Amino acid sequence: MRSVWGLVAVVAAATFYLYLLSAFLPAAPPRALQPGAEGQEREELEERRLHFPSDLDELRELAELLKFYKRQHTAYVLLLYCSAYLYKQSFAIPGSSFLNMLAGALFGPWHGLFIACVLTTVGSTNCYLLSRTFGKRHIIRLFPEKVAMLQKKAEDNRSSLFFFLLFLRFFPMTPNWFLNITSPILNIPIPIFFFSVLIGLIPYNFICVRTGAILSEITSLDDIFSWGTLLQLLLIACAALLPGTLIRHYSKTHLKLDGLEVNGHRNDLNDRKSR
7 MRSVWGLVAV VAAATFYLYL LSAFLPAAPP RALQPGAEGQ EREELEERRL
57 HFPSDLDELR ELAELLKFYK RQHTAYVLLL YCSAYLYKQS FAIPGSSFLN
107 MLAGALFGPW HGLFIACVLT TVGSTNCYLL SRTFGKRHII RLFPEKVAML
157 QKKAEDNRSS LFFFLLFLRF FPMTPNWFLN ITSPILNIPI PIFFFSVLIG
207 LIPYNFICVR TGAILSEITS LDDIFSWGTL LQLLLIACAA LLPGTLIRHY
257 SKTHLKLDGL EVNGHRNDLN DRKSR
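Letter 80 of the sequence shown, counting from 1, is numbered 86 in my numbering, and no numbers are missing.
Read the hints as simulated data drawn from the structure, not as lab findings.
Any given hint could turn out to be false.
[As the list claims (entries may be wrong)] Now the in silico label distances, taken between C-beta atoms and shown as ranges:
(1) Ser166 - Leu85: 38 to 48 angstroms
(2) Asp61 - Leu27: 19 to 29 angstroms
(3) Val10 - Pro150: 13 to 23 angstroms
(4) Leu148 - Arg77: 37 to 47 angstroms
As the structure is a prediction and not an experimental result, all values here were calculated from the model.
Ideal Cβ placement from N, Cα and C applies to all residues, glycine included.
Just need the whole structure built from these sequences, with the hints factored in.
Listed below in C-alpha cells is the structure:
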C-alpha cells in the first residue's frame, strides 16, 4: 500500500506542476494588441485552453496557438512541451504520436526529431524507475501471463538482449508503455534499456515528427500532391522499412521469438527457419 500512495503522490505533484505551467500563460505577443483586433484576439486566447490533443484537428489548433506564443516565448513553449511529453512518457500514458507530430510542427523536422528522441528516452527511463520503485508487484499481479511470457523470452535471448529489445521496439508485440513498466521485472539493466529506447524508437519518432512538419506546411489539397510532399512521404516510408528489415533479418538467425505475437499475429520466424 505504501508504494501505491508514493506513486499517487508523485503523479499528483507532477500533475499540479503541469497545471500551473499551462494555466498561467505569459503575455501574448504584440499581434494580439493590434488596433481593430485587440478584443477579438484577446477573447480567442482566453477561450483556448492547453490540453493534450486527441485528433488532428486539435493538434492543428494547439500547434497554431503554441507557434503564436513561440515567437516571443520560445523558452516557455519548449519547457511546456518537454514537461507535457515527460508527463505522458513517465506515467505510461498512450498518445505520444500526437506529441511527436507537434514537435515537427513547432520545431521543424530535424530539431523536432532530436527533441522527441531525447524526451522519449528520458521519459521511458523515468517510467522504468517509477515501475521499479513503486509498481513491480502490482504489475505482476495485474498482468501475470504477459509478464511471464516476456520473462521467458528475455531469458531465452539474454545473450542478445539488446537486439531483442530493439526487435520489440521495431515490431511492437506489446505496447511500448507496457515494455517500459515491465523492464525492471525482466531484470533489464538501465544502460541497455536506455539505448534500446533511444535507437529503437528513432524510426517511429521520425515518421511522426516528419508527418507533423508536413501537416503544418499544408494549406490546401494541392500541397499534398506536390513533388516536395510526395518525396518527403517516400523518405518517411523508407525510414520506416529499412531498419525494420535489418532487425527482422537479424532476428531470424539470432533471436528466439516463438510464441510472441506481432500485431495480433503469431510470430513464426524460428518455425520457418526449422522447416
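Here's how the hints hold up against the structure:
| no. | hint | verdict |
| --- | --- | --- |
| 1 | Ser166 - Leu85: 38 to 48 angstroms | holds (39 angstroms) |
| 2 | Asp61 - Leu27: 19 to 29 angstroms | holds (23 angstroms) |
| 3 | Val10 - Pro150: 13 to 23 angstroms | holds (18 angstroms) |
| 4 | Leu148 - Arg77: 37 to 47 angstroms | holds (46 angstroms) |
Against the hints set out earlier in the document, no violation occurs for any number.
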